[in-house]
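> Those protein sequences? They're chains A and B, same order as listed.
Mapping the first sequence onto my numbering, position 68 (from 1) lands on 68, and the numbers just tick up by one.
Mapping the second sequence onto my numbering, position 402 (from 1) lands on 402, and the numbers just tick up by one.
Since the hints were made in silico from the structure, they are not lab data.
None of the values given here were measured: they were computed from a predicted structure.
Where hints are given, some of them may not hold.
Here are the simulated distance ranges between beta carbons [stated by the list, open to error]:
no.: 1; chain 1: A; residue 1: Thr134; chain 2: B; residue 2: Val334; range: 27 to 35 Å
no.: 2; chain 1: A; residue 1: Arg249; chain 2: B; residue 2: Gln168; range: 34 to 42 Å
no.: 3; chain 1: B; residue 1: Val484; chain 2: A; residue 2: Arg16; range: 53 to 61 Å
no.: 4; chain 1: B; residue 1: Trp330; chain 2: A; residue 2: Arg204; range: 57 to 65 Å
no.: 5; chain 1: A; residue 1: Glu141; chain 2: B; residue 2: Gln175; range: 43 to 51 Å
no.: 6; chain 1: A; residue 1: Pro70; chain 2: B; residue 2: Ile418; range: 50 to 58 Å
no.: 7; chain 1: B; residue 1: Ala411; chain 2: A; residue 2: Leu20; range: 32 to 40 Å
no.: 8; chain 1: B; residue 1: Met344; chain 2: A; residue 2: Glu151; range: 41 to 49 Å
Yeah, the Cβ is synthetic: ideal placement off N, Cα and C, and Gly gets one too.
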Amino acid sequence: MSEGAIVFEARGVTKRFAGLTAVNGLDVALRAREVLGLIGPNGSGKTTFFNVVNGVYPVSAGEVRHRGEPITDWAAHRVAARGIARTFQNTRVFANASALENVLVGSHIHAELPLLQVIVGTREARRREEAARTAALAHLETVGLAGRADEIARNMPYGAIKRLEIARALSMNPEILMLDEPAAGLNPREAVALMELVQSLHARGMTILIIEHNMRVVMGLCQRIIVIDAGTKIAEGPPDAIRNDPRVREAYLGKGAA
Amino acid sequence: METLLFFLQQVVNGLALGSVYALLAIGFSMIYGILRMMNFAHGDLYAFTTIFIAAMLADLWPIPIALAVGVAAGGLIAAVIERTCYRPLRFVDRSVSMISALGAAVILRSGAELLFGVRPSPFPLLLGQVQIAVGGVNFPLTGFIVLAITLASIAAFNLFLRRSRLGQGILLVAQDIPTSSLMGIPINRTVVLVYALGGALGALGGILYGSIYGVAFPAMGFPGTMKAFIAAIIGGIGNLTGALYAGLFLGVIETLVVVYGADWLGMPPGYRDGVSFVLLVIFLLFKPTGLMGTRVATTDVGAAASMGYSAAARKTVMILGVEVPRAALWLAVVAALVLLPQVMSNPYLLRIANLIMIYGIAVLGMNIVLGYCGQFHFGQAGFVAIGAYTTAILTLDFDVSFLAALAVSGALAFVFGILIGIPAIRVRSDYLALVTFAFGEIVRLFVQNSEFSRGPRGIPGIPQPEIFGYAIDDNVKFYYLGLVLLVLSYLLCYRVTRSFAGRAWKAIYEDETAAEAMGINTARYKIIAFGLACFLGGVAGAYMAPFFRYIAPPTFGADLSILVIIMLVLGGLGNLWGSLVGATIMVGAVELLRPVPQARDMLIGLIMILIPILRPQGLFSGGLPGLAWLKARAGAAPPPGARA
């Protein structure tokens, strides 16, 4: 799809939990090959938005489209199969599996074929397995974990786990990558390295939607930023405009700060 | 008028039986609600104390003293079990701690058999047998008294929970263990108290049971556990009022269905237990929170998994270089197995080898569904039964060839496996254990009560297989047939678990949400896991039928399902060859101790308690123990399964 065309769109997405409206009529349009930032104070509904558009929770109202087709309330695995990959805020790697296995799980949609072929051991089954392995090692290298393929995830340091989760998402060969606070909990050096990683993915032509608290990361990476507060969009625009928007300052620092 | 009175009479009988269920269910529900622990020893403790009281009364102890001692013993034993068997495993993967609970159940039961004998002990009808005649129908006064005692004791218990300091501590712990610990509530003491109260209530239930039916016997324990569990679920986990109503409801429905089912449909009374299982399945499918509960038994499998088993075994598999020597190793093992009957001609040992292969195939299936996919499957016996009965009936009554019967058996088990896998989409872990257990029991009840399967007599004279004109008619030939089936089953599991499917299963085991986000259709993969597991159960059964030449319903009881799980856990979850080692050890232990059944059971119970405590990841998880030690010494890697 050409640069700038809308590839993913949420229209009026609303999520209510027993009385609490976590996301309220949010419109988000993601354009091909851009890095779009989604920011807002804690509890403003960013992660809930991710969970709703990715099929973890059903929407209360609104619509989600991918390349113009409605994918509202699709099961999470069907959304993923369309090439929309995500990471989790509180990292959800498979703790007892090795780094390589984690990344291999990500290649599931490309490795899958009728189980009978696996049982009989057809050439196609072996070819796909081999291809998945080669690709997985390459993805580990991309995120800088080439030497740790056989390490068990639960024994890895937090920064490595964050990268592992990105490698796992990459092995889905996604068109769109949704990152939920990839820099949270990283020290400044790790955060910079992570920023460079995301930049390189963008340079490779990936479309990225990123939730992030670290303002340096957000301002440095994103072409556009959407700010939400209490589930509602309060600003949208390029980083410079967002930086100087009084409503944004107010949301973050409280009334009077602007 | 008379039919109405008869109906009411049955309702009263049902309420009396339901009172016993309610008392059992409250203890069970409380423990389950607080610790998420399935106390499989609950029913056997109730059986033990009831028999104990019967023995004291037979020795002419004064009734009040005997009853008080019995109730106190119930509480005390429950506390001891908690301290020794459960506490060390409180935070371990629950498929492992479950084994320890089953071990405690086995020890209690065989202990009761050793101390008081296998035969039913008479229990005095303490409440008398007064009947009140209304319109020509006699109402049992006992029923009303039992109900009154139950309601009074539950009311007192409720009062204790709400008004006393100790009781409030229990309620707090039930909310949140770490927080209550921070608030100064002694967790361990509170938990012991919960178990003790549960045990005492169970003993009270036992007294009522004995007083109604006039007997107490060791085998009443396991059904007791199941009824308590089912009532706890129907009532909503951790909801004590719910457990009371559900227990009563269960008793009434069971009684009515048995009475009217026999009258109207000619249903054999043997289906009594089937009633509650069917109810259970219906509830789990349509109202998984129970009648009154709000909490669905979802579990954080990811957190559990990270503490329980080791992934180190898989790690070695993932290293590309290791695959070749592994193949060579396997070639050597298979060659040794092929040569074995030439060296070992002792027919008894060959027979044991054949048994190991039967179990081995069934355990491999369990490994797929529980070891890899993390889905509780407590009904493997039912699938072995499907395979065995299908093969027996097809070859005996329809002159079908063995291979064709084998194929049909496997296919049938596969289809039923997929059917019981469907609830796995909606309900998780422990509930699933019950659904699958219920299915296994329903299969057994079905073959026991149906004509085509020859009912309780079983099927004798199953013909020996003929494969392409070659008769399998001695132990050696059976050995080779079994070996071929085992190797094929192993290969099937090996290939599948090393593919995207195996990874999908492990991903589901660890974190379903993340697995879904990777594009894994978790519902489909759970169902496939069940299908494969049950297929292998069916294959094991198809081989078992002509090998035994005679099959009967008792072979396929819950003990078989449990034995298969023990073999799996013993060998290590997610370790295929460990499953075979587990099968070998357990078959060996069972055979060696066959002459002294109670001592055998005691020992097995002890193994079941000790293995989870000492090696929660299974005996052989992560390669040969010696090799691991060598590697650790060489500084290459920590020993597999070492806690991080």
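> All hints, please: hold or fail.
For each hint, the structure was consulted:
no., hint, result
1, A:Thr134 x B:Val334: 27 to 35 Å, "holds, 31 Å"
2, A:Arg249 x B:Gln168: 34 to 42 Å, "violated, 48 Å"
3, B:Val484 x A:Arg16: 53 to 61 Å, "holds, 59 Å"
4, B:Trp330 x A:Arg204: 57 to 65 Å, "violated, 42 Å"
5, A:Glu141 x B:Gln175: 43 to 51 Å, "holds, 48 Å"
6, A:Pro70 x B:Ile418: 50 to 58 Å, "violated, 31 Å"
7, B:Ala411 x A:Leu20: 32 to 40 Å, "violated, 50 Å"
8, B:Met344 x A:Glu151: 41 to 49 Å, "holds, 44 Å"
Consistency note: the structure conflicts with the earlier hints numbered 2, 4, 6, 7.
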